[in-house]
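Given the structure of chain R, go ahead and fit chain C onto it with the hints provided.
Heads up: the protein sequence lines correspond to chains R and C, in order. Following numbering that gives the first Met the number 0, the numbering of the first sequence begins with 0 at its first residue and continues without gaps. Following numbering that gives the first Met the number 0, the numbering of the second sequence begins with 0 at its first residue and continues without gaps.
Any given hint could be a false lead.
As the list claims (entries may be wrong) - Listed next, the in silico PhoX-like pairs over lysine-lysine satisfying Cα-Cα at most 20 Å (straight line):
no.: 1; chain 1: C; residue 1: K74; chain 2: R; residue 2: K116
no.: 2; chain 1: C; residue 1: K212; chain 2: R; residue 2: K6
no.: 3; chain 1: R; residue 1: K10; chain 2: C; residue 2: K74
no.: 4; chain 1: C; residue 1: K92; chain 2: R; residue 2: K6
no.: 5; chain 1: C; residue 1: K92; chain 2: R; residue 2: K115
FYI, nobody ran anything at the bench for these hints, they're computed from the structure. On a predicted model such as this, the values are computed, not experimentally measured, just so you know.
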Amino acid sequence: MNKTLLKYNFKSHSKFITIFIILIVFYLAVIISLIDPQEIDNTQDIFQLMEGFLSFFGIDLVAMSNPLSYTATTFFGGLLFIFIIAFQLILIIPLFITPVQDTSLAYLLSFPLSRKKYLITQISFLIGALLLVFVSIFTISVIMLTIKGGFNILALLNLVSIMFFLNLAVMMISTFLAVSFSHHKNAKMLSSTSAIVFLFLYLIGNLLKEKTKVVLYLSPFGWINPVSVVNNSFNVLPFYFIYGFISAIFFSCAIIVFKKKRLAI
Amino acid sequence: MMIHVSNMTLTYPNKKGVFDLSFDVKKGEVVGYLGPNGSGKTTTIRALLGFIKANSGEVIINGLNAFNDASQIMKVVGYLPGEISFLKGLTVKQLLSYTLKFRNSHESEKMEKLLHYFQLNVNGDIKTLSKGEKQKLALVIAFMNDAKLLILDEPTSGLDPLMRNKFIELVLEEKKAGKTIFMSSHLFDEIEKTCDKVLIIKKGRIVQESNLKTLKSQERKCFLIKTAEEDKLKYLGYPLGEKSAFGVEVFVYGDQIDGFLKAISTLKIISFEERKQNLEEIFLNLYKE
Chain R
0 MNKTLLKYNF
10 KSHSKFITIF
20 IILIVFYLAV
30 IISLIDPQEI
40 DNTQDIFQLM
50 EGFLSFFGID
60 LVAMSNPLSY
70 TATTFFGGLL
80 FIFIIAFQLI
90 LIIPLFITPV
100 QDTSLAYLLS
110 FPLSRKKYLI
120 TQISFLIGAL
130 LLVFVSIFTI
140 SVIMLTIKGG
150 FNILALLNLV
160 SIMFFLNLAV
170 MMISTFLAVS
180 FSHHKNAKML
190 SSTSAIVFLF
200 LYLIGNLLKE
210 KTKVVLYLSP
220 FGWINPVSVV
230 NNSFNVLPFY
240 FIYGFISAIF
250 FSCAIIVFKK
260 KRLAI
Chain C
0 MMIHVSNMTL
10 TYPNKKGVFD
20 LSFDVKKGEV
30 VGYLGPNGSG
40 KTTTIRALLG
50 FIKANSGEVI
60 INGLNAFNDA
70 SQIMKVVGYL
80 PGEISFLKGL
90 TVKQLLSYTL
100 KFRNSHESEK
110 MEKLLHYFQL
120 NVNGDIKTLS
130 KGEKQKLALV
140 IAFMNDAKLL
150 ILDEPTSGLD
160 PLMRNKFIEL
170 VLEEKKAGKT
180 IFMSSHLFDE
190 IEKTCDKVLI
200 IKKGRIVQES
210 NLKTLKSQER
220 KCFLIKTAEE
230 DKLKYLGYPL
240 GEKSAFGVEV
250 FVYGDQIDGF
260 LKAISTLKII
270 SFEERKQNLE
280 EIFLNLYKE
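Extracted from the complex, chain R is given alone in its bound form (with noise of 0.2 Å):
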């Protein structure tokens, strides 16, 4: 890893990184601001109003039985995966499409600084940026379900964590995309397609019926459900090695690929 690089990444992103958190944390103090736990069925009648909507993002209105369980199915599904796509696509450009397409990688590659290193650098800033997005998160989730009553720290935590390396995984198989296709025209579009391409499987196997449901289970998104995360109804220990080992088979093939890559810089 090059930590001049590193720095500069941080330095040059640190704007949006922030604007991003803000915004996201934000969202996610209003969500759980909205409910009370003396008084559920309130709440479930507010949202009752737009099921079909709802359901669209994975949101499940049986399953806001109190505050953790409201918050895992209102905001750790199909809008999360919203935000983290958009933030992981405005990374990925300027990280691994931009240097190739206008040349300043030449910059970069002039120094003795291998082309390894250069990924290894890369992605690690990208890892890093998504792991304060969720650091983020689950530090204003303590603050806020603290504020609302007792809550299972741990069975936060795991949900937290099993989400990372959920959006690690598509934001790795992203990476690679971009890494392969960075010096053609359509890099933007081909890069971001594999993450639109599961939300979408998401958001359409939620509204289908039980029977065609198995459109969920394509995307990596519809492996887990946050509900049964934090309820500990669903062993999810297998998930993490699932979704670390495409991580790191992404993050390899990415290397491979760059290192072998013609650069027309």
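Using the frame of chain R, we list chain C on its own:
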């Protein structure tokens, strides 16, 4: 040997590229790489820097494989790209500071000297710099680490004549200090003043490799002839140039002069004048052939 290229072929999907290139650049040599647009100059430089792996052949820089050992090679290389693009959102000062850090160097003395030499203001934002100022900044970055080998792609593009002269002086100074320089250029003046050897590439193949003295000795003589029998001049078999009120240009190689003089002695000559052909015309002639 600082650069050794042997039978290198590098092709793009559109079938363009460079084909079977072979050349050497010795330590301390200044080599000019010339050719028309799209002839393969930048492609060759990309292969030298390990940006693109050649399909076949060998590219060795300072004893190391250009593609596999690119990051090692960069320790001794100063590079000026043909298309200048730097890290975004920085001032000149910040970029230079990052450049030193990327090179793990704390030695800013030469950098300061070069900034002063090229009269570059370090306080501005890079995006506000003109093309010429960006080029000067790229020159500072290429030369500041005192590299043993300098690879420069169109180094004076966008510079005004004054700065071009300064660049020529800088190259001569570096040459005196024993640096090896490989530069592509369109400007014959800077090649003539700085280079020991010239490589001319056309349609991806090197068509000429020679030192400047040899190249100059190959120059064609140009005669401006005014005759009442212009039609007959055509049938003598020598290439003709421009026609004007002062006569017709006729080009003759050194070993053909005797025959040429005998041939035109049969014509009625009104005026006869020898025109000196400069290096630029020699190159242009080679490009055309």
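Structure-based check of all given hints:
1. C:K74 to R:K116: Holds - the C-alpha atoms of R:K116 and C:K74 are around 15 Å apart, at most 20 Å.
2. C:K212 to R:K6: Status violated; Cα separation ~51 Å.
3. R:K10 to C:K74: 26 Å, violated
4. C:K92 to R:K6: 16 Å, holds
5. C:K92 to R:K115: 28 Å, violated
Of the numbered hints listed earlier, those contradicted by the structure are 2, 3, 5.
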